[in-house]
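Could you put together the complete structure from these sequences and hints?
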Amino acid sequence: MGGLVNAQIARDGAGRIDGALNLCGLVAGGVDLEDYQLDAEYALAWFFDRADLPLLVDLPSQAAASALADRLTAAVAAAQQTPAGRARIALAAAYLNQSAWAPGQAPPAPTDHAEQEHQQYQWLRQGLLSFIVPGRYAVERSAGGNPSSTEGVDYTDLLGRSWHADEVRALYAAAGLDPKADTAALTAHADITGSATARANLTASSTVASLGVPMLSLHTTSDQLVPVEQENAYAARIRAAGDNSLLRQAFVARQGHCNFTTAEIVAGLHALEQRLTTGSWSNAATPESLQARATALGLGGAAFVDWKPSALSGIRR
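Take 1 as the starting number for the sequence shown in our numbering and just add one per residue.
If you're looking for bench data, these hints aren't it; they were derived computationally from the structure. Just so you know, not all the hints are guaranteed correct.
Just the calculated beta-carbon pair ranges, DEER-fashion [stated by the list, open to error]: (1) S310 to G2: 21 to 29 angstroms; (2) S245 to G160: 28 to 36 angstroms; (3) L225 to A77: 31 to 39 angstroms; (4) L177 to A77: 32 to 40 angstroms; (5) L225 to D112: 21 to 29 angstroms; (6) G152 to T277: 19 to 27 angstroms; (7) A241 to D70: 38 to 46 angstroms.
Calculated cross-link-like contacts (lysine to aspartate or glutamate; reagent style DMTMM-like; alpha-carbon spacing at most 20 angstroms) [to be verified]: (8) K180 to D166; (9) K308 to D166; (10) K308 to D243; (11) K308 to E288; (12) K180 to D191; (13) K180 to E151; (14) K308 to E273; (15) K180 to D154.
We put the beta carbon where it would ideally sit given N, CA and C, even for glycine.
See the structure below:
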C-alpha cells in the first residue's frame, strides 16, 4: 500500500515536503478496497462455492486464506465452461472493478462482451484471488477484525452503477438468465456483518481525503490489483475538500499494477518539478505533454492517454 502511504504523506506533509509523485496508489483507501473485494468474493461463493460462504471473513490464518483462494479459483475455472457461469463471473468481476484487458491480449472492443469476460477470467485464473484473499487476512489482523459487511447492500443497484453493467447484461441474455434475479438473491441473502471497531480503525489508518502539497498521480488503465477507478473516488474526495487545484492525474494505456516505463516515471517527476518551480500546473500534466516529455527521454517509450476513470463500485453510501 505504498501509494496510499504516499498520499497520506502528501496530505500531511505541508512544510515538510514540496510535492508528491504517486504511482499506482490505493488512493481510495483500505475501507473501499475491502468492501468491493468482499462484494466480489461473496458473489463468487454464492454462485459457485456456497460451502465457503461462512469462511469469507474472520480468516483464522494465512494458510486458511490461501486455501480459500485456491477453492474459489478452482470454482471459477469450472464455471467458465458454461454460459451461465461466464455471466456470473462477469457479475462478480463488475463488483470487483476488474479490468477487462488482460496481459498479452489486445484490448477488447467496447461491444465485445464475451471477450471482455474472457479477459477478466484470465486475471482470475492467473491467481488474482490468491493475492486478494490472503490480503484480507492481513488487513483483518491490522484492523482488529473484519471491517466489511454485505448486509444491507443492494446488489442490483451496485450493478447498475458499474461501468461493466452492459457486459453483464449481455452475457446474462446470452445465457438465457435474468441478472435481476441473481442480484436480488445476492441482496436477500447478504448477511455478513463486520466489526464497527475494525472499520473505524481502518478508516482512521487508510483513508485520504485532502492534500497539503501538489501531487501528480499516475495509474495504468488496466491495473488488476488497484483498479484505476480508485482514482475516480480519490479525485471526488479531493474536490470535496477544496484541494483539486493541487491534484493532477495521468493515465498510461497498459496492463498490470505499477507497470510503468522509466520514461513515464521520469516524465511525471519532471511535470511535478515544473509545478513546484512555477507554482502552476499549466499544461505540464496533460497526456500530450507527458507523452512528449517521456518520448524525448529515450528511456523505454510511453503510452500516456486521455482517460477518465469510471466510478468505483462498492463505495458504501
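> For this structure, which hints from the list above don't hold up?
Replying inline: 3, 4, 6 and 14
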